[in-house]
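**Student:** Listed below are the residues making up each chain.
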Amino acid sequence: KQEVTQIPAALSVPEGENLVLNCSFTDSAIYNLQWFRQDPGKGLTSLLLIQSSQREQTSGRLNASLDKSSGRSTLYIAASQPGDSATYLCAVEEFGGNEKLTFGTGTRLTIIP
Amino acid sequence: DAEITQSPRHKITETGRQVTLACHQTWNHNNMFWYRQDLGHGLRLIHYSYGVQDTNKGEVSDGYSVSRSNTEDLPLTLESAASSQTSVYFCASSGRGRNTGELFFGEGSRLTVL
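Residue numbers (this note's numbering), protein chains in the order written: chain Z, 1 to 113; chain V, 114 to 227.
Calculated from the structure, these hints are not laboratory results. Where hints are given, some of them may not hold.
[What the hints assert, rightly or not] Pairs of lysine to any residue residues, derived as SDA-like cross-links and limited to a Cα-Cα distance of at most 20 Å, are as follows: (1) Lys-42(Z) x Asn-169(V); (2) Lys-1(Z) x Glu-220(V); (3) Lys-42(Z) x Glu-220(V); (4) Lys-100(Z) x Asn-169(V); (5) Lys-42(Z) x Arg-122(V); (6) Lys-100(Z) x Ile-125(V); (7) Lys-42(Z) x Val-165(V); (8) Lys-100(Z) x Arg-122(V); (9) Lys-100(Z) x Val-165(V); (10) Lys-100(Z) x Ser-53(Z).
Since this is a predicted model, take the numbers as computed values, not measurements.
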């Protein structure tokens with residue numbers, strides 16, 4: 001059974017710093033990996049989707065990398081802003097999983113002005 | 114703009130009552146999913162559907178049912194609510210072909226079972 005882990009559970013950094021969020025998964029036979037953002041009391045918003053054949057994806061100040069063989073992904077946020085404060089979740093879709101995702105428990109990020 | 118909406122956003126009910134949570138999407142997506150989110154567990158899949166008249170059980174389907182009579186709606190029914198079903202429920206949809214999915218989520222329905 002696939003397990004997805006995100007460490008740390010919470011992270012606080014000063015505004016302007018670059019930061020990295022980590023995600024690890026136990027079964028490397030994945031089809032894709034997604035990073036989501038969740039604001040308090042809100043639903044999830046997809047940030048980046050990396051297909052298993054890809055190594056990274058970029059969107060603005062966000063860069064996600066995928067190392068399938070080691071079961072790891074990172075989300076890099078450049079020049080952090082207070083508006084980046086949210087919970088970030090990663091989720092993997094197993095190959096042939098037909099869009100059924102296994103989620104990590106998330107990292108709650110606080111950017112300190 | 115296309116969207117996915119859930120109702121009610123908040124509900125309090127009593128143990129043993131039947132509860133239905135509505136999910137409506139205007140993306141015209143074929144694939145729809147229900148997840149529950151609990152502290153320490155992340156999101157877990159309850160039921161999902163790949164099209165009209167298609168429904169499938171997820172990881173935590175006991176005590177829940179869904180039906181898909183049209184493309185836009187996938188209501189989630191708790192047959193006899195239990196305190197263990199107190200949670201935040203999220204509906205999601207995806208319109209791309211299988212195995213390429215980017216999911217779009219509703220804002221959630223917070224259910225409290227007393």
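**Student:** Going through the numbered hints above, which ones does this structure break? Give me the numbers in ascending order.
**Tutor:** Violated: hints 1, 2, 6, 7, 8.
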